[in-house]
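Undergrad: Chains as they are written, first to last, in the numbering used here: chain L, 1 to 114; chain G, 1 to 114.
There may be inaccurate statements among the hints.
Stated by the list, open to error - EDC-like cross-link-like pairs, simulated, lysine to aspartate or glutamate; straight-line CA separation at most 20 Å:
#, chain 1, residue 1, chain 2, residue 2
1, L, Lys69, L, Glu15
2, G, Lys44, G, Asp86
3, G, Lys51, L, Asp99
4, L, Lys69, L, Glu20
5, G, Lys51, G, Glu72
6, L, Lys69, L, Asp85
7, G, Lys44, L, Glu20
8, G, Lys62, G, Asp86
9, L, Lys49, G, Glu102
10, G, Lys71, G, Glu57
11, G, Lys27, G, Glu72
12, G, Lys44, L, Asp8
None of these hints come from the bench; they were simulated from the model.
Okay, here's what each chain looks like letter by letter:
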Amino acid sequence: AQSVTQLDSQVPVFEEAPVELRCNYSSSVSVYLFWYVQYPNQGLQLLLKYLSGSTLVESINGFEAEFNKSQTSFHLRKPSVHISDTAEYFCAVSRPSVDYKLSFGAGTTVTVRA
Amino acid sequence: NAGVMQNPRHLVRRRGQEARLRCSPMKGHSHVYWYRQLPEEGLKFMVYLQKENIIDESGMPKERFSAEFPKEGPSILRIQQVVRGDSAAYFCASSPGGGRTEAFFGQGTRLTVV
């Protein structure tokens, strides 16, 4: 079985400051990795994903994440956050060679203050 | 192309009543997944269905919970004789195929048992 650990449950940050959300996973087989964002009272939206190829993936709104196989990590970063980035962020993994299920971390709540 | 539609968005039930949660997948998607998000936790897989078939229900509680995805109409997650511990957000996701294809999430149904 795989598991996902998000090391920070709450991350307060000032507007225009950088932010990093940490995600570590464990799996005995190769994985796909995802970051989802959940705005207040909304559903989950896919932010970015790693399936194969370049280990650095980017989203259209300035987030990026890097897959590090040796450290089994997929940390999410943004160099300068906006108030509108206030949301909960979930890291998730799937094992495409085994099944289709997503395993989620417990989530990290990012609160951006002016 | 409408996204995954879930209704109702909010549902309040008294203990012992039945809860029915509906999910209409995206057009062209024949695979549906249900996840549950308990307070302060990440999403947990419940069940995976294709049209008229339950493929994997390993995450479903053994009693009171059932799911279906009929040939016509939405997928239904049914909870009989609800208890306070069933209070959670229930998310549906759909994909055109299992395995390697990306799943798209609905906005969720927030069930409150009073």
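Undergrad: Could you run down the list of hints and mark each one as holding or not?
TA: Verification of the supplied hints:
1. Lys69/L / Glu15/L: violated, 31 Å
2. Lys44/G / Asp86/G: Distance of about 13 Å is within 20 Å: holds.
3. Lys51/G / Asp99/L: At roughly 18 Å apart (the allowed maximum being 20 Å), aspartate 99/L and lysine 51/G satisfy the hint.
4. Lys69/L / Glu20/L: Holds, because 18 Å separates the two Cα atoms, which is no more than 20 Å.
5. Lys51/G / Glu72/G: holds, 8 Å
6. Lys69/L / Asp85/L: Judged against 20 Å, a Cα distance of about 27 Å means the pair is violated.
7. Lys44/G / Glu20/L: violated, 24 Å
8. Lys62/G / Asp86/G: At roughly 13 Å apart (the allowed maximum being 20 Å), aspartate 86/G and lysine 62/G satisfy the hint.
9. Lys49/L / Glu102/G: holds, 10 Å
10. Lys71/G / Glu57/G: Answer holds: lysine 71/G to glutamate 57/G is near 19 Å, not above 20 Å.
11. Lys27/G / Glu72/G: Within the cut-off at roughly 13 Å; holds.
12. Lys44/G / Asp8/L: holds, 19 Å
Hint compliance for this structure: hints 1, 6 and 7 are not met, and every other hint is.
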